[in-house]
Amino acid sequence: MPSIPATATPPSHTQGSSAFATTRDGRQLHYQELPGPGATDNTGAGYGPTLVFDAGMAASRSFWGLVQPQCAQWARSIAYDRSGLGRSPADSQPRTIERMASDLNELLDHLGAGPFILIAHSGSGLIVRAATAACPARIAGLVLVDVTDEGCTPVFSPTFRLMEKAAHGASVLLARLGLLEACYRSAIAGLPADVRHDLSREGFTRAVMKTRAAELQGLVDAMHAFRHQPPRLPDIPVSVISGMQADFGMSKRLRAAANGAHRLRAAHCRQGRFIPARHSGHAVLLSEPELVANEIHHLLRQHPRH
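If you're matching positions, the sequence shown starts at 1 in the numbering used here and goes up one per residue.
To be clear, the hints were calculated from the coordinates, so they are not data collected in a lab.
Just so it is clear, CB atoms sit at the ideal spot from N, CA and C, and this is done for glycine as well.
Treat each hint with caution, since some may be false.
Unchecked claim - Listed below are the simulated EDC-like cross-link pairs for lysine to aspartate or glutamate, each with C-alpha atoms no more than 20 Å apart in a straight line:
(1) Lys252 / Glu164
(2) Lys252 / Glu150
(3) Lys210 / Glu181
(4) Lys165 / Glu150
(5) Lys210 / Asp221
(6) Lys210 / Glu164
(7) Lys165 / Asp221
(8) Lys210 / Asp91
(9) Lys165 / Asp247
Claimed, not checked - Derived DEER-like restraints, expressed as beta-carbon distance ranges:
(10) Arg232 / Gly169: 34 to 40 Å
(11) Ala170 / Arg253: 18 to 24 Å
(12) Gln229 / Arg263: 34 to 40 Å
(13) Pro115 / Gln229: 36 to 42 Å
(14) Ser157 / Phe248: 17 to 23 Å
(15) Ser186 / Arg278: 15 to 21 Å
Construct all of the structure, not just a fragment, from the sequences and the given hints.
Here is the structure:
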């Protein structure tokens, strides 16, 4: 294998330079890119898979602010904002799983030929699975970080749905009062200052709560659909990282069910791996970023640079 040239001068922002991809219907999807080792342009060509990070429901690219920079030492690393989040303008159409997956694939079209490794947290696990099933040839692997999974039976109960609606209503009220950010202060305290600044400005607004409602409906509908017809994934490495601790909004019973669903998801994939995040609840990407980055590196090592 030829030696890899030295990394170019890093961008001034922790998560890299900002750019936009345009969807077929004219919407703008914002992303931040760290070029990876040896990159001389924005294609990452010749240096293995490009990493694309998709955040959880109603979450912007900023939540990957601890993982993405670590991974940039190995590969081109891109974190993006879905429509209505971060710096991406809102979508006037319903946020169905098909539309969100299509947006992701249109972003990948913009980024180049691939291959890509997709990294998802929480609700975006459904999105990357649907996107992969739609365009499987260019996807080299998935890393699913404490993702929403239709195999977690308790989330279909009427009680859980009522709790979810109540939590959303409370979030909307807190956003209106300007207090929502305070609820996340301790969780995001470890993020770099520039990432926290972006999140403070973009992540806790009333507009984001409107997007949250639209995404929630789309993800709930997808969960029901996937129970009967899940996306068919290609034979690629699929790493499933599962938080092992109960935390706010996730009881011990629900946590155990989620862990079980994650184990099954890994078992259903011929190249699946289950990785317990023993010191984390749901926000593994914030509490154990090294574990997530190391698993991404594990997948990258299966695709040597050339």
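Need the status of pair Lys165, Asp247: alpha-carbon distance at most 20 Å?
18 Å, holds
Is the Cα-Cα distance between Lys210 and Asp91 20 Å or less?
11 Å, holds
Between Ser157 and Phe248, does the beta-carbon spacing fit 17 to 23 Å?
19 Å, holds
Pair hint outcome, Lys165 versus Asp221 [Cα-Cα no greater than 20 Å]:
15 Å, holds
Given the proposed pairing of Lys210 with Glu164, does the C-alpha separation stay at or below 20 Å?
With Cα atoms ~15 Å apart, Lys210 and Glu164 stay inside 20 Å; holds.
Going straight from one Cα to the other, do Lys165 and Glu150 come out at no more than 20 Å?
Holds - the C-alpha atoms of Glu150 and Lys165 are around 18 Å apart, at most 20 Å.
Arg278 and Ser186 - C-beta distance against the hinted 15 to 21 Å:
20 Å, holds
Would you check the hint for Lys210 and Asp221, treating anything up to 20 Å between C-alpha atoms as holding?
Since the Cα atoms of Lys210 and Asp221 sit roughly 17 Å apart, the hinted pair holds (cutoff 20 Å).
Assessment of proposed distance window 34 to 40 Å (beta carbons of Arg232, Gly169):
36 Å, holds
Mind checking the hinted window 18 to 24 Å against the Cβ distance between Ala170 and Arg253?
22 Å, holds
Given the hinted pair Lys252 and Glu164, is their alpha-carbon gap at most 20 Å?
Within the cut-off at roughly 17 Å; holds.
Are Lys210 and Glu181 close enough, with their CA atoms no more than 20 Å apart?
16 Å, holds
Hint compliance for this structure: hints 12 and 13 are not met, and every other hint is.
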